[in-house]
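Put together the whole structure using the sequences plus the hints.
Number of protein chains: 2
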Amino acid sequence: MAGKPSRAECCGPVDGAALDSAALDEPLLNIPDSEGFLRQAMDILVEEAVKKATDAREKVCEWRPPEELKELLDLELRDGGEDESRILQRCRDAVRFSVKTTHPRFFNQQFAGMEPYSLVAGCIVEALKPSVYTYEVGPVFTLVEDAVLRKMMELVGWEEGDGIFNAGGSMSNMYAVNLARFHHCPDIKELGLAAAPQLVLFTSQECHYSISKAAALLGIGTNNVSVVPSDERGKMIPSALEELIQKAKGRGAVPFMVNATAGTTVLGAFDPLEDIADICEQHSLWLHVDACWGGAALMSKKHKHLLKGINRANSVSWNPHKMLMVCLQCSAFLVRDRTGLLQRCHSAQASYLFQQDKFYDVGFDTGDKSLQCSRKPDAFKFWLLWKAVGTRQLEQRVDRALAMARYLAEEIQRRDGFRLLMDPEYTNVCFWYFPPSLRNVDEGPELWSKMHTVAPVIKERMMKEGSMMMGYQPHKGRVNFFRMIIISPQTSRRDMDFVLDQIHHLGKDL
Amino acid sequence: MAGKPSRAECCGPVDGAALDSAALDEPLLNIPDSEGFLRQAMDILVEEAVKKATDAREKVCEWRPPEELKELLDLELRDGGEDESRILQRCRDAVRFSVKTTHPRFFNQQFAGMEPYSLVAGCIVEALKPSVYTYEVGPVFTLVEDAVLRKMMELVGWEEGDGIFNAGGSMSNMYAVNLARFHHCPDIKELGLAAAPQLVLFTSQECHYSISKAAALLGIGTNNVSVVPSDERGKMIPSALEELIQKAKGRGAVPFMVNATAGTTVLGAFDPLEDIADICEQHSLWLHVDACWGGAALMSKKHKHLLKGINRANSVSWNPHKMLMVCLQCSAFLVRDRTGLLQRCHSAQASYLFQQDKFYDVGFDTGDKSLQCSRKPDAFKFWLLWKAVGTRQLEQRVDRALAMARYLAEEIQRRDGFRLLMDPEYTNVCFWYFPPSLRNVDEGPELWSKMHTVAPVIKERMMKEGSMMMGYQPHKGRVNFFRMIIISPQTSRRDMDFVLDQIHHLGKDL
Numbered sequence: 001m002a003g004k005p006s007r008a009e010c011c012g013p014v015d016g017a018a019l020d021s022a023a024l025d026e027p028l029l030n031i032p033d034s035e036g037f038l039r040q041a042m043d044i045l046v047e048e049a050v051k052k053a054t055d056a057r058e059k060v061c062e063w064r065p066p067e068e069l070k071e072l073l074d075l076e077l078r079d080g081g082e083d084e085s086r087i088l089q090r091c092r093d094a095v096r097f098s099v100k101t102t103h104p105r106f107f108n109q110q111f112a113g114m115e116p117y118s119l120v121a122g123c124i125v126e127a128l129k130p131s132v133y134t135y136e137v138g139p140v141f142t143l144v145e146d147a148v149l150r151k152m153m154e155l156v157g158w159e160e161g162d163g164i165f166n167a168g169g170s171m172s173n174m175y176a177v178n179l180a181r182f183h184h185c186p187d188i189k190e191l192g193l194a195a196a197p198q199l200v201l202f203t204s205q206e207c208h209y210s211i212s213k214a215a216a217l218l219g220i221g222t223n224n225v226s227v228v229p230s231d232e233r234g235k236m237i238p239s240a241l242e243e244l245i246q247k248a249k250g251r252g253a254v255p256f257m258v259n260a261t262a263g264t265t266v267l268g269a270f271d272p273l274e275d276i277a278d279i280c281e282q283h284s285l286w287l288h289v290d291a292c293w294g295g296a297a298l299m300s301k302k303h304k305h306l307l308k309g310i311n312r313a314n315s316v317s318w319n320p321h322k323m324l325m326v327c328l329q330c331s332a333f334l335v336r337d338r339t340g341l342l343q344r345c346h347s348a349q350a351s352y353l354f355q356q357d358k359f360y361d362v363g364f365d366t367g368d369k370s371l372q373c374s375r376k377p378d379a380f381k382f383w384l385l386w387k388a389v390g391t392r393q394l395e396q397r398v399d400r401a402l403a404m405a406r407y408l409a410e411e412i413q414r415r416d417g418f419r420l421l422m423d424p425e426y427t428n429v430c431f432w433y434f435p436p437s438l439r440n441v442d443e444g445p446e447l448w449s450k451m452h453t454v455a456p457v458i459k460e461r462m463m464k465e466g467s468m469m470m471g472y473q474p475h476k477g478r479v480n481f482f483r484m485i486i487i488s489p490q491t492s493r494r495d496m497d498f499v500l501d502q503i504h505h506l507g508k509d510l
Numbered sequence: 001m002a003g004k005p006s007r008a009e010c011c012g013p014v015d016g017a018a019l020d021s022a023a024l025d026e027p028l029l030n031i032p033d034s035e036g037f038l039r040q041a042m043d044i045l046v047e048e049a050v051k052k053a054t055d056a057r058e059k060v061c062e063w064r065p066p067e068e069l070k071e072l073l074d075l076e077l078r079d080g081g082e083d084e085s086r087i088l089q090r091c092r093d094a095v096r097f098s099v100k101t102t103h104p105r106f107f108n109q110q111f112a113g114m115e116p117y118s119l120v121a122g123c124i125v126e127a128l129k130p131s132v133y134t135y136e137v138g139p140v141f142t143l144v145e146d147a148v149l150r151k152m153m154e155l156v157g158w159e160e161g162d163g164i165f166n167a168g169g170s171m172s173n174m175y176a177v178n179l180a181r182f183h184h185c186p187d188i189k190e191l192g193l194a195a196a197p198q199l200v201l202f203t204s205q206e207c208h209y210s211i212s213k214a215a216a217l218l219g220i221g222t223n224n225v226s227v228v229p230s231d232e233r234g235k236m237i238p239s240a241l242e243e244l245i246q247k248a249k250g251r252g253a254v255p256f257m258v259n260a261t262a263g264t265t266v267l268g269a270f271d272p273l274e275d276i277a278d279i280c281e282q283h284s285l286w287l288h289v290d291a292c293w294g295g296a297a298l299m300s301k302k303h304k305h306l307l308k309g310i311n312r313a314n315s316v317s318w319n320p321h322k323m324l325m326v327c328l329q330c331s332a333f334l335v336r337d338r339t340g341l342l343q344r345c346h347s348a349q350a351s352y353l354f355q356q357d358k359f360y361d362v363g364f365d366t367g368d369k370s371l372q373c374s375r376k377p378d379a380f381k382f383w384l385l386w387k388a389v390g391t392r393q394l395e396q397r398v399d400r401a402l403a404m405a406r407y408l409a410e411e412i413q414r415r416d417g418f419r420l421l422m423d424p425e426y427t428n429v430c431f432w433y434f435p436p437s438l439r440n441v442d443e444g445p446e447l448w449s450k451m452h453t454v455a456p457v458i459k460e461r462m463m464k465e466g467s468m469m470m471g472y473q474p475h476k477g478r479v480n481f482f483r484m485i486i487i488s489p490q491t492s493r494r495d496m497d498f499v500l501d502q503i504h505h506l507g508k509d510l
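Each protein sequence line maps, in turn, to chains A and B.
Sequence positions in the first sequence follow the working numbering and run 1 to 510.
Sequence positions in the second sequence follow the working numbering and run 1 to 510.
Be careful, since some hints might not be right.
When chains are identical, the list treats them as one kind, so a pair holds in a single copy or across two.
Capping the alpha-carbon separation at 27 Å, the derived lysine-lysine pairs in BS3-like fashion look like this [unchecked claim]:
| # | residue 1 | residue 2 |
| --- | --- | --- |
| 1 | 151 | 52 |
| 2 | 508 | 358 |
| 3 | 151 | 302 |
| 4 | 508 | 59 |
| 5 | 70 | 151 |
| 6 | 464 | 51 |
| 7 | 51 | 70 |
| 8 | 302 | 358 |
| 9 | 301 | 151 |
| 10 | 59 | 358 |
| 11 | 464 | 450 |
Hints in this document: simulated from the structure, not taken from any laboratory.
Quick caveat, the model's predicted, so the values are computed rather than measured.
Written out as structure tokens, the structure is:
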């Protein structure tokens with residue numbers, strides 16, 4: 001008799017005495033009680049984290065050294081809670097002492113600027129707590145992701161394909177390496193690499209560090225990342241790639257993939273995709289294009305030539321959270337394959353999520369393509385922005401950022417004491433500032449050794465003044481230089497002029 | 001002469017004619033213009049995505065099949081943009097047709113409930129666009145992450161350690177496998193697995209599928225995941241683990257790690273950590289505890305015994321976005337090691353981020369520990385919540401969720417036609433509903449074959465009615481049953497009673 005069991009199938013009775021039953025009669029948390037707090041917090045958000053944070057008259061950051069900031073923030077977590085007014089003050093403090101990456105004078109990373117539509121979408125996602133693995137739990141966001149992926153593939157030049165949004169470009173690049181390997185040898189998924197030949201992948205010396213992180217993580221080994229020399233502008237040299245592939249084959253290793261970069265991290269260089277695609281076709285290698293940074297140029301009729309040949313790639317990473325200003329994170333991994341390779345490569349067929357006896361088309365359950373389980377619907381932040389401003393406005397923003405970079409480069413060439421590393425191809429503007437004391441020193445090791453110390457000191461002063469932020473670094477034998485990244489349509493020429501004036505102001509005594 | 005270069009170092013002059021200089025004179029995007037839109041959007045957020053979404057009188061979902069919803073949402077991305085009122089309507093629609101995972105009657109996943117403090121923190125993060133890789137770019141959030149990790153490690157029972165927040169528990173578990181492998185053989189990072197012995201890891205048959213995804217991704221191979229049998233309650237059988245380790249060694253394979261689960265996905269079972277730790281010590285194996293789901297019990301004096309022995313683990317995954325209701329995602333990976341293993345395992349020393357000549361202690365630049373580059377400051381969402389309610393309130397919530405699960409289990413045992421799979425150890429309550437037509441049928445294949453179809457039909461009706469959501473699935477020879485997950489302090493006994501009444505209402509004719 002199955003109908004009236006009074007005991008659990010395999011265990012003892014439930015211990016009723018353990019319950020404090022009165023505590024279960026009413027909710028412990030009543031959301032309408034929080035409305036006042038929420039509205040005050042949203043006001044802080046708009047006033048402090050949006051309006052004040054993006055006001056050029058305000059500071060980009062209010063620098064505090066770590067030990068001092070620790071004290072100011074009172075980080076300790078205690079047994080008792082704090083009242084709402086105290087928590088609202090904590091919100092204000094968190095905003096106050098954070099770097100304003102949306103400030104028009106933040107040029108430090110490959111993301112910048114405030115995008116109100118994307119922000120609203122991001123906040124809705126925080127409130128709804130969706131996860132895009134099954135249509136049943138994320139109906140709107142599953143469909144939105146599909147629509148955005150299709151449109152991005154169209155811009156890449158594919159009629160069809162597959163894809164997924166990930167928690168950042170490093171993850172998208174890892175997907176690429178894993179998919180290329182699975183395509184090369186699907187057995188590795190089950191058997192592992194212990195019995196496999198020595199797999200080798202190729203990438204330029206200017207590529208993002210996530211490629212070698214992927215090689216380490218995936219058990220390929222960083223020594224099996226064959227580093228292809230780049231030319232003076234930072235572009236992979238195709239003949240060097242060909243040579244390295246031949247050499248690897250010659251020593252019995254097995255090439256399986258080439259990673260080309262469209263928009264390198266430091267110089268903003270674009271690898272010559274057509275030439276690389278020719279080589280990949282000839283050797284039957286998977287071509288991945290890391291267009292995390294440069295992909296935005298596909299929006300522009302004027303600049304999409306930079307990625308000519310990307311339609312021949314097997315996979316592409318493209319981060320709309322970079323040049324297109326979607327709130328962090330928003331990173332698409334696109335695959336030309338339409339045979340379900342992505343799903344076969346990653347699927348684990350969890351029975352509690354991906355039941356096959358559901359009442360709707362389970363083809364909409366996309367979660368088994370992913371390495372993640374819960375996954376945020378990052379595509380929604382891009383979709384709402386795109387709906388609001390349209391493709392043409394996105395194009396205009398990209399064109400304007402490139403024009404602004406050219407203006408800055410011109411200004412650098414025009415001004416005393418500034419020197420470009422090279423004419424920018426994208427919006428990375430790399431340059432040195434020579435303090436007056438070094439302007440008449442002869443070129444040579446002594447000058448460059450002194451120059452190496454200039455950027456760090458100016459950066460320190462810049463942070464402490466809080467007026468702007470940009471990065472610096474050494475690169476391929478060149479001493480520390482500034483790398484300024486231009487993205488946001490909130491900037492104007494005045495901001496470019498300000499930056500150069502300010503560098504001189506901060507460094508003229510050095 | 002270095003001082004007055006008028007040309008770029010290695011390239012031609014900037015083409016001034018390419019600029020449309022007037023377009024650069026003024027910002028293309030003026031944030032204060034967006035204030036009205038932002039305030040209206042925040043009002044929609046509070047009214048629709050918070051208050052209405054969590055109102056028990058409203059639906060959990062307004063079900064639409066994929067093709068119909070596609071039409072309703074008008075997903076296409078066009079050349080032109082749309083005005084603000086249209087975009088606000090799109091926000092309302094996105095909320096309307098989304099599943100309300102914060103609704104008090106959403107029991108479908110291992111996350112649920114609305115946490116206003118965490119929501120506010122999440123929205124601030126969306127607005128500020130921080131990334132936690134360098135102190136310089138994320139000063140507040142870098143320190144907050146450190147404080148939260150330390151407190152979580154204290155609860156695990158470690159005096160010190162290391163850790164990082166990741167984009168979900170699957171990633172945290174992948175970190176564990178990678179770190180265990182690196183600890184076993186650091187050379188694999190560079191050399192890869194091609195020359196390595198056959199590495200084997202051990203985990204129970206009830207573990208989360210991310211362990212086998214990690215084995216596939218890391219090149220270990222899913223065949224080298226040795227699946228340890230579990231007992232009737234879903235707990236790993238230590239003697240079976242011991243036997244499998246011996247067998248693996250016997251055939252020349254190299255065990256390197258055991259994954260124990262504290263709170264399994266389906267049954268909510270806790271592996272016996274002390275016994276497993278003994279075995280790991282004896283064989284010098286890395287012990288990882290996947291406490292993504294069950295870690296919250298560490299907050300409770302009453303229930304932390306479930307994880308007794310976790311202090312002996314080498315690493316722990318723990319997702320505060322599950323039982324502790326932090327907005328998705330919030331997943332901590334904790335490591336007992338304090339020698340910098342995490343950093344050595346993952347570091348790539350990118351020169352554009354992790355310069356060593358910075359003016360502050362670069363020990364605060366935590367990004368090189370991560371597989372990601374940009375990384376969201378998820379710890380902040382936990383920190384603000386924790387500050388607001390305090391440890392004792394978090395404890396009370398956990399205790400109450402477990403008490404509520406016991407109340408539901410009691411009610412299931414009390415009612416005609418309901419049967420527990422087993423007495424719940426945590427808050428996964430697994431049960432069958434027998435429609436009246438099947439209550440007097442003899443136990444046997446025919447009954448169970450009919451029972452297998454009951455839960456999917458009730459689930460379909462539940463979704464279409466929109467009154468509540470819970471999952472179902474088959475498991476280890478058991479036919480489809482309901483799995484109800486209890487988390488949110490917004491629920492009361494009335495919601496439990498409602499659920500059982502509703503299942504009977506939806507399924508009594510079957």
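Are there hints from earlier that the structure breaks, and if so, what are their numbers? Hints 1 and 8 contradicted; others consistent.
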